[in-house]
Amino acid sequence: NAGVTQTPKFQVLKTGQSMTLQCAQDMNHNSMYWYRQDPGMGLRLIYYSASEGTTDKGEVPNGYNVSRLNKREFSLRLESAAPSQTSVYFCASSAQLAGVYEQYFGPGTRLTVT
Amino acid sequence: EDQVTQSPEALRLQEGESSSLNCSYTVSGLRGLFWYRQDPGKGPEFLFTLYSAGEEKEKERLKATLTKKESFLHITAPKPEDSATYLCAAHSGGGADGLTFGKGTHLIIQP
Numbered sequence: 001n002a003g004v005t006q007t008p009k010f011q012v013l014k015t016g017q018s019m020t021l022q023c024a025q026d027m028n029h030n031s032m033y034w035y036r037q038d039p040g041m042g043l044r045l046i047y048y049s050a051s052e053g054t055t056d057k058g059e060v061p062n063g064y065n066v067s068r069l070n071k072r073e074f075s076l077r078l079e080s081a082a083p084s085q086t087s088v089y090f091c092a093s094s095a096q097l098a099g100v101y102e103q104y105f106g107p108g109t110r111l112t113v114t
Numbered sequence: 115e116d117q118v119t120q121s122p123e124a125l126r127l128q129e130g131e132s133s134s135l136n137c138s139y140t141v142s143g144l145r146g147l148f149w150y151r152q153d154p155g156k157g158p159e160f161l162f163t164l165y166s167a168g169e170e171k172e173k174e175r176l177k178a179t180l181t182k183k184e185s186f187l188h189i190t191a192p193k194p195e196d197s198a199t200y201l202c203a204a205h206s207g208g209g210a211d212g213l214t215f216g217k218g219t220h221l222i223i224q225p
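Sequence order for the protein chains is S and W.
Numbering follows my numbering, with no gaps: position 13 of the first sequence is 13.
Basically my numbering = 1-based index in the second sequence + 114.
Calculated directly from the structure, the hints in this document are not laboratory data.
For clarity, every value in this text was computed on a predicted model and none was experimentally measured.
It is possible that some hints are incorrect.
[To be verified] Cross-link-like lysine to aspartate or glutamate pairs, in silico, EDC-like; alpha carbons within 16 Å at most:
#, chain 1, residue 1, chain 2, residue 2
1, W, Lys217, S, Asp38
2, W, Lys171, W, Glu184
3, W, Lys177, W, Asp196
4, W, Lys177, W, Glu131
5, S, Lys57, W, Asp211
6, W, Lys171, S, Glu102
7, W, Lys193, W, Asp153
8, W, Lys217, W, Asp116
9, W, Lys156, W, Glu195
10, W, Lys156, W, Asp196
11, S, Lys71, S, Glu52
12, W, Lys156, S, Asp38
[To be verified] Derived coverage of chain W by chain S (criterion: at least 3 residues anywhere in the stretch with Cβ under 8 Å from a Cβ of chain S; other residues may be distant):
#, stretch
13, 143 to 151
14, 156 to 162
15, 212 to 222
Just so it is clear, CB atoms sit at the ideal spot from N, CA and C, and this is done for glycine as well.
Sequences are here, hints too, so could you generate the full structure?
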């Protein structure tokens, strides 16, 4: 089991460029999430998907779009990157089994927007 | 608005010196309180989920406890490899799904 995988690991963009961050999980989890982590801030939820075909906004959704491609894959798109979107982006997936809820994270994508 | 506050921001201990990290939370309808470990350049690594006041969970030198307003991560006789940032997060019943995170405690264990 690879768990949660993310690509790319690093990316540098110029202001106004677009890109898509990819995430996949092999744990058969229904729910998937995108967070961003900035220095001095906790991880903040951007978007989530409770199941295939559904997506909802989190705390900081402006400037982002998401697609739940299938049960395994959840992508995050920046249509016109801004320096304020320089951050580390983490994808996560979760499941609840026998009353136990667990959420697992990928290794992150480090994005710099110049 | 859900809030999670961790203290201290940073903690430096000698190897073998036990201590506790604090996480206080204000959430609407707590569904679970999570602890993660994060090493530099890596994603958060799941440690524990606690669900109700009085619950305790242990893993090696770590023990997590939960009250109605706080959670503590107790580290007993730590080793240098326990050095990391420890994150606390709350899963609430209100608003968006997903976790509300604290800013973390950066723990350094000196040999």
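Hints, one by one, checked against the model:
The suggested pairing of lysine 217 of chain W with aspartate 38 of chain S holds, with an alpha-carbon distance near 10 Å, which does not exceed 16 Å. For the proposed pair lysine 171 of chain W and glutamate 184 of chain W, the alpha carbon gap of about 15 Å is at most 16 Å, so the pair holds. The hinted pair formed by lysine 177 of chain W and aspartate 196 of chain W meets the criterion: a straight-line CA distance of about 13 Å does not exceed 16 Å. Using a Cα cut-off of 16 Å, the hinted pair lysine 177 of chain W and glutamate 131 of chain W holds, with the two alpha carbons roughly 15 Å apart.
At most 16 Å may separate the alpha-carbon atoms for a hinted pair to count; lysine 57 of chain S and aspartate 211 of chain W meet this at roughly 9 Å. A hinted pair counts as satisfied when its Cα atoms are at most 16 Å apart, and lysine 171 of chain W with glutamate 102 of chain S qualifies at roughly 14 Å. A hinted pair counts as satisfied when its Cα atoms are at most 16 Å apart, and lysine 193 of chain W with aspartate 153 of chain W qualifies at roughly 15 Å. Of the supplied pair hints, the one linking lysine 217 of chain W and aspartate 116 of chain W holds, its CA atoms being roughly 14 Å apart against a limit of 16 Å.
The straight-line distance between the Cα atoms of lysine 156 of chain W and glutamate 195 of chain W is roughly 15 Å, inside the 16 Å bound, and the hint therefore holds. With a C-alpha separation of about 15 Å, the suggested pairing of lysine 156 of chain W with aspartate 196 of chain W holds against the 16 Å cut-off. Taking the CA atoms of lysine 71 of chain S and glutamate 52 of chain S, the gap is about 5 Å. The hint holds against a cut of 16 Å. A threshold of 16 Å between alpha carbons decides the hint, and for lysine 156 of chain W with aspartate 38 of chain S the separation of about 14 Å falls inside it, so the pair holds.
A count of 4 residues in the stretch 143 to 151 of chain W with a Cβ less than 8 Å from any Cβ of chain S is obtained; the coverage claim is therefore met, three being the minimum. Given as covered by chain S, the stretch 156 to 162 of chain W passes the check, having 5 residues with a CB less than 8 Å from a CB of that chain where 3 are the minimum. Counting residues of the stretch 212 to 222 of chain W whose beta-carbon sits less than 8 Å from any beta-carbon of chain S gives 7, enough to reach three: the coverage restraint holds.
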